[in-house]
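In order, the protein sequences belong to chains D and Z. Just so you know, the first sequence maps onto residues 1 to 542 in this note's numbering. Just so you know, the second sequence maps onto residues 1001 to 1213 in this note's numbering.
What the hints contain is simulated information worked out from the structure, not anything from laboratory work. Don't take every hint at face value.
[Said to hold, decoys possible] Calculated cross-link-like contacts (lysine to aspartate or glutamate; reagent style EDC-like; alpha-carbon spacing at most 16 Å):
| id | chain 1 | residue 1 | chain 2 | residue 2 |
| --- | --- | --- | --- | --- |
| 1 | Z | Lys1065 | D | Glu534 |
| 2 | Z | Lys1172 | D | Glu534 |
| 3 | Z | Lys1059 | D | Glu380 |
| 4 | Z | Lys1059 | D | Asp378 |
[To be verified] The following label-pair restraints were derived from C-beta to C-beta distances:
| id | chain 1 | residue 1 | chain 2 | residue 2 | range |
| --- | --- | --- | --- | --- | --- |
| 5 | Z | Lys1135 | D | Pro388 | 24 to 32 Å |
| 6 | D | Ala350 | Z | Asp1069 | 53 to 61 Å |
| 7 | Z | Glu1109 | D | Pro439 | 24 to 32 Å |
| 8 | D | Thr412 | Z | His1073 | 41 to 49 Å |
| 9 | D | Glu424 | Z | Pro1121 | 51 to 59 Å |
| 10 | D | Pro511 | Z | Leu1180 | 33 to 41 Å |
| 11 | D | Asn425 | Z | Lys1135 | 32 to 40 Å |
| 12 | Z | Gln1042 | D | Glu149 | 31 to 39 Å |
| 13 | D | Leu375 | Z | Ala1066 | 16 to 24 Å |
| 14 | Z | Ala1066 | D | Ala350 | 53 to 61 Å |
| 15 | D | Leu346 | Z | Ser1009 | 44 to 52 Å |
Think of the CB as a built atom: it goes at the ideal place given N, C-alpha and C, for glycine as much as any other residue.
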Amino acid sequence: MVTLPDMEGIAQRLTALKRFVLLIGDAGALIVRLSGSRVESHAYFCGAIDSNIRGVKLALAEFPGLPVVIVYDVLGQAYRRDRLPPVNFMDRPKIMARKLETLFPGTELKGGLRLGASEGEVRGYDYLFAAVTASPEVTPWQKMLEQIENPISDVRLLPVESVRLLQRLVGKLNGGESKSAQWNILISQHRTGGFRQIVTRDHRLAIARMTSGFIDIESAEEIGSLLQREIGATIDYITRLGFDRATGLNAVFIGRSDIGAALRHAQLPVRNLTAFSPAEAGALAGISGDHDESGHFADLLHAAWGGGRLLPELSIWPQQKRQQRMQTLGRIWGTRALATASLVGLIYGASLAWEIRDAEAEYLQAEARRGALRLAYDAEVSRLDAGPVPIARMRDIIAIHRQLEAADVDLTPFYSVLGANMSENVRLSSIRVQIDTPPPVLAPSQIQDSPPGPAPDAASVEGKIILILDLSSFRNAELAVGEAERLANALRKELPHMQTTIIRQPLHILPADTFTVKPGENVLAFTGEVRVAEIELTGRLK
Amino acid sequence: MTGNTAGQSFLMQGFAAAMAIFVLIMWACFGYLRPELVNYRQMTNAALDAAVSINAQIKDLAARKARDDADRHEFQMLEKDGFLGEQNRLNAARILERLRVQHRISGLEYQIDAVDKVTIPGQPENTGIVMSSSKISLNMRGFLDSDMRDFTIAIQRGLPGHVTVTEIEIVKLASPGNDLLALISRGGGTELVSATVELQWQAVQPAKEAAGI
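Same shape as in the complex, but just chain D (with noise of 0.2 Å):
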């Protein structure tokens, strides 16, 4: 399973961020140029004088824009361990600083790890409070610091930073496992310091010692011997922190190959004890580039180890530098992102202009095409419409003939009617047709360029007939009565859309006449009277 320092160790190598590390220790500085995990170069510069802080100035002058990661290993290191209440994390900086500027009262240097939740009844976070006071060996770098024009990226210290190159170091040689309660120690041998000793439990930090580098003595078994007691030292304080003797103490020792031979040989009071070259550690560490010249010295692992990491153990800058530092990270990458989101923008906006041209070009064929249609479409229809009359009039005046053939009544059918219900003793003295044809009308409806309608319906004709029939042949008055009424019933029989009614008999019987009769008289005899009956039909005549 990928660990969380594997992916970060897997995205510095992706990222490969070049950088500065500055390692300022009490005897001299190294400055280092990464990237990634990469050293490009480095530089030892023993001693805060001005000559060695101009050659720091020079090297970093040469990138100004390369960030510096500042790596402490001096002896003004102060770590304490405390608890903090449970507070929400809005406040957790506010507590931290207070707590930092409680147990490190006036030092600029300081920050906080948490290590977990407090063990004991009452609730709380454990952390390990860390500082760097200001010295003599150290205020001339830092003076430095403000004047470079590279921007500072972060402020580490070298013992928190390399817990975490002990327990891979440590995981190597165990193959991959790492247990639990177990308690290591480093010693590595530094050119800017002494012997530094980093003593974790459970891959935390225990104890961080410094002890002189024995510079002046040659002989290995000396050096180891001494170191040998400063070890002891070193057990015998831990033991007060809760360390089993019995449980034992695994070591790790980079510096010079003799040395660490030596100290195999003088039987350490560790459990076992494995010796690196810094060459050799720096490969299992997954360091690679330029190596210390004389082999010797870890300096240049720890700061690239330390310096080089992504996501900082332990962070002493200060909370408003480090805000500074995010709000010009945030400008540069904010620059970066513009930048790149204005090329994509570009590129998006070369593609648009391109298919503007091309859809312009498309826009232009087809109103050439639609043009070229509607002209030949103007053509036809101006070839249609040629003539003396437009075709609008000409199918105006066929729909006022049809409408006039249409209100034209053919009166032959009627005849018929007539002659075949008329009996032999009736003739027809008269026969008077009015005929109410209806005025031709152009429909507000009619399209112009639609053919004429249909006829109207013939049914609309309206008329009257008048029917005066002559009935002399009848002698008796009621024969001729009924024989008027029976013409005008087999008249509505047969012309059902007409108002057929008699409005004449040949005695005045109707309801409008009035009917006198003289003493004597038979009226029923025909005497002296016209013998003319009149029926008139009304309605539809088609």
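Since the structure of chain D is already known, use the hints to place chain Z on it.
Relative to the frame of chain D, chain Z by itself:
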């Protein structure tokens, strides 16, 4: 520190410039170019749709041409039948006389009234159709009522233009008794029926100029 301050200022200026350029490019992309592209595509689609529509209209023109040809033919027939143009009264008199003889109308008296021009309103953009209408009143006598009816039908068919019967009255003058039949056999007494007919003789003006509009 001065260098750092200058660097910060440069960073800020760079960020502001990058932001301005980014906003400008985004505006150019989404505020101008993209709407322009959409506009062009819409116009292209509209032009293509219009072309398809015109193509369809051109295809419809064949059907319209067939309809127009049929209507032109019908119009020409109306023109030929005299439905268009002036009503020639002299010609009408000639026709009436010819038909009178043909249908054995013994006595014919007729009157053609003055022309009444009526405009039939049409579409708002048209001036309408001007129709000339003359009332013809016929008084005739004859031997058979069928002669009267046939004479009326013949007038309808023979006169140029359109003739509508608005009123017809046929009255028997006398019954064909022995004396009348004897008179007829001697070549006289041929008037047994009289008829009064009113006709509307109608024609339209072929063009508005001809109608005097």
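> What hint numbers does the structure not satisfy?
Replying inline: Hints 1, 8, 12 and 15 contradicted; others consistent.
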